[in-house]
Every structure is written in C-alpha cells, then in structure tokens.
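Novice: Protein chains in written order, with UniProt numbering: chain A, 1 to 610; chain B, 1 to 339.
Treat the hints as calculated values from the structure; they're not laboratory data.
Just so you know, even glycine gets a beta-carbon here, dropped at the ideal spot from N, CA and C.
When the alpha-carbon atoms are kept at most 25 Å apart in a straight line, the in silico BS3-like pairs for lysine-lysine are as follows:
| hint | chain 1 | residue 1 | chain 2 | residue 2 |
| --- | --- | --- | --- | --- |
| 1 | A | Lys-434 | B | Lys-75 |
| 2 | A | Lys-58 | B | Lys-265 |
| 3 | A | Lys-393 | B | Lys-300 |
| 4 | A | Lys-58 | A | Lys-74 |
| 5 | A | Lys-58 | B | Lys-205 |
| 6 | B | Lys-23 | A | Lys-375 |
| 7 | B | Lys-25 | A | Lys-367 |
| 8 | A | Lys-383 | B | Lys-300 |
| 9 | A | Lys-434 | B | Lys-73 |
| 10 | A | Lys-383 | B | Lys-25 |
| 11 | B | Lys-16 | A | Lys-367 |
| 12 | A | Lys-383 | A | Lys-393 |
| 13 | B | Lys-25 | A | Lys-375 |
| 14 | A | Lys-101 | B | Lys-265 |
| 15 | B | Lys-205 | A | Lys-367 |
| 16 | A | Lys-375 | B | Lys-32 |
| 17 | B | Lys-205 | A | Lys-375 |
| 18 | A | Lys-383 | B | Lys-23 |
| 19 | A | Lys-375 | B | Lys-16 |
Restraint ranges, calculated between C-beta atoms of paired labels, are given here:
| hint | chain 1 | residue 1 | chain 2 | residue 2 | range |
| --- | --- | --- | --- | --- | --- |
| 20 | B | Asn-149 | A | Asp-531 | 17 to 23 Å |
| 21 | A | Pro-488 | B | Asn-149 | 19 to 25 Å |
| 22 | A | Glu-137 | B | Cys-104 | 55 to 61 Å |
| 23 | B | Arg-213 | A | Ala-493 | 19 to 25 Å |
| 24 | B | Arg-77 | A | Glu-137 | 46 to 52 Å |
| 25 | B | Glu-20 | A | Val-84 | 53 to 59 Å |
| 26 | B | Pro-321 | A | Asp-459 | 23 to 29 Å |
| 27 | A | Asp-531 | B | Cys-104 | 28 to 34 Å |
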Amino acid sequence: MAPTRPQTPRPLRVNSRGAGLRPGRSGAGNPTLPASAMAAGPAPLGGHPRAQKPHLSKMERVVVSMQDPDQGVKMQSQRLLITVIPHAVTGNDVVEWLIQKYCIAEDEALHLGTLLVQHGYLYPLRDPRRLLLRPDETPYRFQVRLNWEQTPYFWMSTLWPAAELDYAIYLAKKNIRKQGALVDHEKVGYHHPSPATPAESSQRNPSPTSGAHSPGSKLIQMHKHTHPIEGVSEGRWGVHPPELGVGKSFPLETFNHPQAHYDQLHRKINHTWDLVVMQAREQLRAAKQRRKGDRLVIACQEQTYWLVNRPPVSLLLEGGSWTAEKSLQGQCVSLRCSLRTCLLTLGKDVSFEILAKFLTKTVDFYKRRIECCRKALGRTRVKSSVCLEAYLKFSSQRGPHDPLLSGCLPSNPWVTDDDTYWAMNAPSVAVPTKLRVEQWAFSFRELLEDPVGRAHFMDFLQTEFSAENLSFWEACEELRHGGQAQVPALVDAVYQQFLAPGAARWVNIDSRTMERTLEGLGRPHRHVLDDAQLHIYMLMKKDSYPRFLKSDLYKDLLAEAVVPLETKRRVFPFMWKPRHSSPSLALLPTSTSGEPEAAAGSPGGGDGET
Amino acid sequence: MAADGLHENETLASLKSEAESLKGKLEEERAKLHDVELHQVAERVEALGQFVMKTRRTLKGHGNKVLCMDWCKDKRRIVSSSQEHAVTMPCTWVMACAYAPSGCAIACGGLDNKCSVYPLTFDKNENMAAKKKSVAMHTNYLSACSFTNSDMQILTASGDGTCALWDVESGQLLQSFHGHGADVLCLDLAPSETGNTFVSGGCDKKAMVWDMRSGQCVQAFETHESDINSVRYYPSGDAFASGSDDATCRLYDLRADREVAIYSKESIIFGASSVDFSLSGRLLFAGYNDYTINVWDVLKGSRVSILFGHENRVSTLRVSPDGTAFCSGSWDHTLRVWA
Numbered sequence: 001m002a003p004t005r006p007q008t009p010r011p012l013r014v015n016s017r018g019a020g021l022r023p024g025r026s027g028a029g030n031p032t033l034p035a036s037a038m039a040a041g042p043a044p045l046g047g048h049p050r051a052q053k054p055h056l057s058k059m060e061r062v063v064v065s066m067q068d069p070d071q072g073v074k075m076q077s078q079r080l081l082i083t084v085i086p087h088a089v090t091g092n093d094v095v096e097w098l099i100q101k102y103c104i105a106e107d108e109a110l111h112l113g114t115l116l117v118q119h120g121y122l123y124p125l126r127d128p129r130r131l132l133l134r135p136d137e138t139p140y141r142f143q144v145r146l147n148w149e150q151t152p153y154f155w156m157s158t159l160w161p162a163a164e165l166d167y168a169i170y171l172a173k174k175n176i177r178k179q180g181a182l183v184d185h186e187k188v189g190y191h192h193p194s195p196a197t198p199a200e201s202s203q204r205n206p207s208p209t210s211g212a213h214s215p216g217s218k219l220i221q222m223h224k225h226t227h228p229i230e231g232v233s234e235g236r237w238g239v240h241p242p243e244l245g246v247g248k249s250f251p252l253e254t255f256n257h258p259q260a261h262y263d264q265l266h267r268k269i270n271h272t273w274d275l276v277v278m279q280a281r282e283q284l285r286a287a288k289q290r291r292k293g294d295r296l297v298i299a300c301q302e303q304t305y306w307l308v309n310r311p312p313v314s315l316l317l318e319g320g321s322w323t324a325e326k327s328l329q330g331q332c333v334s335l336r337c338s339l340r341t342c343l344l345t346l347g348k349d350v351s352f353e354i355l356a357k358f359l360t361k362t363v364d365f366y367k368r369r370i371e372c373c374r375k376a377l378g379r380t381r382v383k384s385s386v387c388l389e390a391y392l393k394f395s396s397q398r399g400p401h402d403p404l405l406s407g408c409l410p411s412n413p414w415v416t417d418d419d420t421y422w423a424m425n426a427p428s429v430a431v432p433t434k435l436r437v438e439q440w441a442f443s444f445r446e447l448l449e450d451p452v453g454r455a456h457f458m459d460f461l462q463t464e465f466s467a468e469n470l471s472f473w474e475a476c477e478e479l480r481h482g483g484q485a486q487v488p489a490l491v492d493a494v495y496q497q498f499l500a501p502g503a504a505r506w507v508n509i510d511s512r513t514m515e516r517t518l519e520g521l522g523r524p525h526r527h528v529l530d531d532a533q534l535h536i537y538m539l540m541k542k543d544s545y546p547r548f549l550k551s552d553l554y555k556d557l558l559a560e561a562v563v564p565l566e567t568k569r570r571v572f573p574f575m576w577k578p579r580h581s582s583p584s585l586a587l588l589p590t591s592t593s594g595e596p597e598a599a600a601g602s603p604g605g606g607d608g609e610t
Numbered sequence: 001m002a003a004d005g006l007h008e009n010e011t012l013a014s015l016k017s018e019a020e021s022l023k024g025k026l027e028e029e030r031a032k033l034h035d036v037e038l039h040q041v042a043e044r045v046e047a048l049g050q051f052v053m054k055t056r057r058t059l060k061g062h063g064n065k066v067l068c069m070d071w072c073k074d075k076r077r078i079v080s081s082s083q084e085h086a087v088t089m090p091c092t093w094v095m096a097c098a099y100a101p102s103g104c105a106i107a108c109g110g111l112d113n114k115c116s117v118y119p120l121t122f123d124k125n126e127n128m129a130a131k132k133k134s135v136a137m138h139t140n141y142l143s144a145c146s147f148t149n150s151d152m153q154i155l156t157a158s159g160d161g162t163c164a165l166w167d168v169e170s171g172q173l174l175q176s177f178h179g180h181g182a183d184v185l186c187l188d189l190a191p192s193e194t195g196n197t198f199v200s201g202g203c204d205k206k207a208m209v210w211d212m213r214s215g216q217c218v219q220a221f222e223t224h225e226s227d228i229n230s231v232r233y234y235p236s237g238d239a240f241a242s243g244s245d246d247a248t249c250r251l252y253d254l255r256a257d258r259e260v261a262i263y264s265k266e267s268i269i270f271g272a273s274s275v276d277f278s279l280s281g282r283l284l285f286a287g288y289n290d291y292t293i294n295v296w297d298v299l300k301g302s303r304v305s306i307l308f309g310h311e312n313r314v315s316t317l318r319v320s321p322d323g324t325a326f327c328s329g330s331w332d333h334t335l336r337v338w339a
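If we strip away everything but chain A, and leave its shape as in the complex, we get:
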C-alpha cells in the first residue's frame, strides 16, 4: 500500500446520517461544525505542520521502508483464532528484517521493534494491551495512515489535536460496549478527588508510593510497567515546563487511568456530553457494518492509539484544555529566535507588550550573533590534520591509564569489590603508583592537579630557590576561585608577600606585566592578578618543569613507584566477561584467544567456572 498524507487530518466523526463529517478549520460559519473543534482551542495557524520531535520522523521512515512491497517485511494473511487478518506480519519477520537492514544484533533489533510497537506504529493483534514485539509467530499490523476519509489514522507525527472530546468519545464507546463498566485495568482503586482550585492541585503530589496500601496501587505498578513510554509529548524532563517567566510546581504525572480521565472529562466538558454520547453511539453503529476482520483491526488501532496518546492527568487537573499541541507548546518556553515560531507558539492571544519586548530581545540577539561571527572570522585556526593527530597521541598516551579501556591494577574495585586500587591511589599517599608518576610527565597541568605531584615539584623548586613561584601561583588560584568577600584581603596579602618591593618572597615578573598589575591593584577584583599568574605559570612550565622531569628527584620517584600486583583474576573489559562474584572466588581465564599468561601469584587454582 502506498499511503498518501492528507492535508487536514481529523478524526472520523459521524453525523446523524452516518456519513463522515469534516470539521472546519477556522471554526466560523460552518453550521455542521462539531463542538470539539471549538472546544479544543485555536486551530494551528496556517495548517503548517508543527516541527515534530526528530525521533518520530525517523521511526516513520523505518516503518515506511518496512512496508515497502519489495524490500519490506513479508506480509501475509495471519490467522487469529477463526478470523483471517490480511496484511499482517509476524514478530519474527520484523526482527529478521531489522537485523538485516541495520546490521545489528538480535537484542538491538528486538529493542527497536518494541519501541515501534510502544509508539503505536505497529500493533499486536493478539493481546493488544501488552505493547511488545515478540520474536515469534505473533501477528502484527502496521498502523495506517490512509486517507482520513476512509479510516481514522493514528500516526503520532500527524499531531492533529487529539482533543479531549475524541478521547471522551473513545471512552464513551467503551463504556457503552461494556454496559457501563470499564474493564478492570481501567478502573481505579485509587480515588482521585477533584481539586478545589488548580493551585491546590499543583501543590499536592500524588505518588505511587503514597497510595501503597490502596487497592489500585498494585495495578498502577503493573500498568506502568507495560507502558513505559510516559507520553512522548512530555518534553525533556517528563513534565510540562512552566510558563514563560513563572516557575511553578507541577503535580506528578504518575499514571494514566481512563476511569479517572472519564470522570474528569465529564466534569469539564459537561455541556457537550450529549454530543459525546451521540458520537459514540453513531461510531459504534457504523462500526457494526464493517467486516469482522476490519472491526478487529480498527479496534486494535484505536486502542493502541489511545494507549500511547491519552492525556496526562496533571493537565486535566489544571483545568486547562488539553491538546497534544499544547503539550508540545509547553516545551517551547522562553525565547525563540524566529518571530514566526513565536506566533505559532503563543497563538493570536499574545499581547502587544509581550511582542514588543520579544522584538527588542530579538534585536539584541542578532546583534550579539553578528558580533560573535565577526570575531570568529578573525580568529586563527589550526589545520584539521594537526588537531586530529593530537587526539591519536593523547589517546595512545593515556590508554594504559584508562581503567575502562585497559583495566587497572590490582583490580577495578567496582568489579571485584576490592578497594585496594582506591587505597593505593588516594589523593595523598606516601608512595604513588608508577602510572601516577608517569602521568606527571604528560603535562604540567596534570602534575599540578595531583597533590602528591605538586608537593614533589615544590620540593624540587626549593632546591632551585624558586619555590615562591609556585606559592604565588597557588595564592592567585585561591583568589580567582575564592569567595567574593575575601577578594580585597587576598589581593592585599598577595601583594605584600610576593609583589611589593622588598617582599619576603618576591616573584620575578617582567616589568610590563608588573606595571599593569600594580595599576590594577588600585581597584582589586578577582582577576586583577591573572596576567601575573599566567606569566609565572608559563615560566614554570617552560623552564622549571622540563628540568624537574630530567632531575634525579623525579627519576628516583619513578624508580621507587609501586606497580601493584595483579589480583587472582585479570579483569580487562576487553578480554572476557568479568563476573559478578565475591573476590574469594578465583576464576581462571576462559577465553582461548591467545590471551597472555595467567594471573601471577594466584593462590591455588580456581573453579574454572564459565
């Protein structure tokens, strides 16, 4: 099938004659306009499809190629009890196809397939409430996006405002079908009292644990588990971020309960409830005229759609009208650089003041951007080849020092539960390890960052009678990162000790820098010594540091440094599977990949467990 995307997606609505109803866009002048279009709030401007989350369009590309008649997944009729469902695929075939197409392993294919199911692009024909992909003969079908006039379509990206009314109609249909009793998993053991005011509701935080003893809580947990996707429209933090400029707490969105929704919806759109019930009855009647196979398919489609798209309880409580669009709107807080987007986001209700303020901000924004670009054009750049070579050198030098890459001796504490590695590498140890001492030669910064390294460097400087340089540098660091209140006192102390003529620990700075610094001291701020500090830092780096590395002091440190013994088993992540076991078990290497010598010093043999 080659689906075409219609211009104005709308759910199928049935009028009293049983024919499809097309709701108007602007909401004006159309006598047969159903109430939902008006109740749902302003229609999207200009019919422009909202920029959707990138993962949705990517998933849709996958699904479209899955349905390709030549290269797609094998489709055939599947039997479901006594009904034959056409155009179905098996879970197995889906997994195989994904493995082939993306060159991935089975676990990843299964994972990806399950995500497609959970987002409603694929739905199971058996047991539709459990949104999983099973790698067996379980039949699945693709959610359709045919012309809306024939069937409703449920792709997430279409984002027609899945308004409360549609959801209410869906629930009403269920209600009628089950003769007034929604099924168990939709009923609520948890009673959610209606809030007196929206403000009150936003302070209360219902949570699953608070209702631990209520009968519904177990259902909540179970239900949550089979539906981990908590509303794709929730944005990065899983909440609806606050309105512009105002921070407020939102109640937790802990679960979705159709019964709770039903009651809330009933209260909210009471005035149109007759319409809801009428629509529900009409849709049910029209559905009866379809073939059983189609009925089953559409029921599954619809159920999956609402499982994925039902409105969050929090917004219902707030009393605002919920649409999928508004949820996304909640994400677009604060400034956007495009005025058009601003209008789309805020709608026609934006006030003149806000717009003017926004416009000014935009002017600043562009001016800053221009400035930044101009400066960037003037900067010097380095050739890519030079920069990239640097990564190679850096990584090869540091490779042996990277525990996750090369393991660590004696063992990684997280793997073996043996703390020795941490003890041996504590910030201040008497005897540092060899790797640690080697690292001091990598860069001056790393020498200074290590308290043990820095202490030894200080000792070395003392032999050269230039220890005041390091002390000065340390004092400057303290100033730079210290509290604001301490700045004047610290600046003064540094000046007295290091910079004043005849100071006890006078540092040798070039005259120009000294002049500038002394000038700045008149109005002390935390960066007033930056120039002097940099000068001394470079002096140490270019002069003292290389001498330190060549000195006997350093060579002795290297010679005395400790190389820890390996423990009973080597746990290099790249060699074989580390086991989660207590250190008392000694395991022999199991791989036969030519792995070098067994662990030295292992006390006795192990179980040789795999």
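Please build the complex by placing chain B on the supplied structure of chain A, with the hints as guidance.
Specialist: Relative to chain A, chain B alone:
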C-alpha cells in the same frame, strides 16, 4: 512596531540577513583548513576488542525519575536528583545537581528557578533544609549547574536562555552569558590550564564556548539538527562532544574550530540525553532516550557496544573521577554503575 536598539536603515530582517551571511562566510573559512577526516587519520589505530561491560551496582531509592547525578571527587559517592518531593531536599523537580570539589556540599535546582547549595552533613538528625543557601536566581527553570574549581563559585544554565556565574557566599551574580536563542540545557567547564572557559548547549541547536571572565562567546557551533542535551569536554580540553535529540553525538575541535566527527547509526533513532568520555578520551559513553547506552570509539567513529538494562529513558550519565566506572541515571527510578 518600533523596537529599541535599531538604528536607521536597520530592520530586524536586515540584521537577520547580515547574521546569516556572516555565518556563511564563517563556514567557508572553517572549511579551508579541513584537510582530513578523523576516521582517515584513525586508520592507523588498533581497533578495540570485544567490549563487555556490566552493571555492577543498581541504586534504588528514588521514588521517581532520576534526572541528574554527579560524582564526588572521592570517586565513590554520588549525588542524584529526581522528580520527587523528598524530605531532605525540599525543592521539587530537581533537574540539576552537582557535588562541590571539597565533597562538603552539593548544589541543586530545577523548576524553582534557583540553584541552592546544601552543606553536607552525616548527622542524620540535622535538617539539611535548614542550612540551605539560595545562590542563583533565574527567570526560568535551572537545567544545569556546576561548581568551578572551588566550593565558592557556581556556574548555572537555565531555561531562560542564559548561563550565569555566582558567588556562593553572597549569592552575587559575577557574570552572565547571553547568546543562546532558546533554553540552555547543559554546560561543562574546560579542563584547561587557564581554567577560564566553559561550553554550553541549548535548544537552539548551538553549542557555545564562553570566556568566564568577560562573558563573551568565544566560539559557536551549529551543526546539530535538534536540541543539544549534553556537552562534555574531551580530556585534553581541545575538543568537546555533544549529544542531541537528533540521535547523534558530535565531536567539535576548538583549535580547528569545526565539527570533526559524528557518532550515529541508522538503527539509533532516539535522542542522546547525556554523554561522557572515558579517562583517555578513546571511549564516548552516551545515554539515549530509548533506554540504551551506546559506547563509541571516538577515533574510529564506530560503535563499540550497546548496553541494555534500564527500563526507561537514560537521563544522565557521568564517568567517575578516576575513570574506573560510569554511572547512569534513568526515568526508571534507578541509577546503575557500570564497569
């Protein structure tokens, strides 16, 4: 509609087009020095072997989605924040948290638009909330925070589109950073010798490098196709990686002033929420919104491994300070330590 700041002959449209043309010129300049790709250079490097990492610890204790975590410098302790209304930390919706370098305090904030510092105490009877100090104040939610080299200063990023540097003791704003066109979602401090820059990423798809002293944007990169959720410096400080909703992670070199690598795969569809490097910078760990963690070979650009385990979105990921493990936090209410 008259707006302040516009000169004669300037209109919003003209400013915008000038910005666009400058941007085009900048791209041209950057391209001139691009003589080789990273994966070409990396051909000489030995490939990594079969990679196996497992969950070593699962930390359960949060009653709701874990949103953020940070390691203590002692390499063992972790602070994490979540969506719940916790007794000891009475700020709901904590989206950002950070450990102080001394290990004696933590900072956190979120929908309360503030960043607050709590001194840590091991005395169970003491009420931590009482000692809380409000440091940062933004006009929108706090998305990220980090101590600079000491306990005295905090850098914050906010949904109001700005970053800011604060003095902890007085709560004074030391510097603010304007330039993002939308919410700023993440930041990271540069491990440089002069220690004066940091990078931030936002919903405007831009990653910007700032000078902390002047408040100016030093460099900007705009190659992502969607919100940047996480930025992290390469250990040498010459580059940084970013993770975005467009399902890719990218490496930007600061000296070459351009993007130098893209880490993506067709089968990876969901956005990356957080990234971090291993100690040597050879591995890039990225947590995704499809509950998985992908491990990338930074030099060769290939994916080394995919880690399953979380049952919901991975929202935060950090390598421990000594590189022995990394920790991931998820909307499934747990934290996992992997090694």
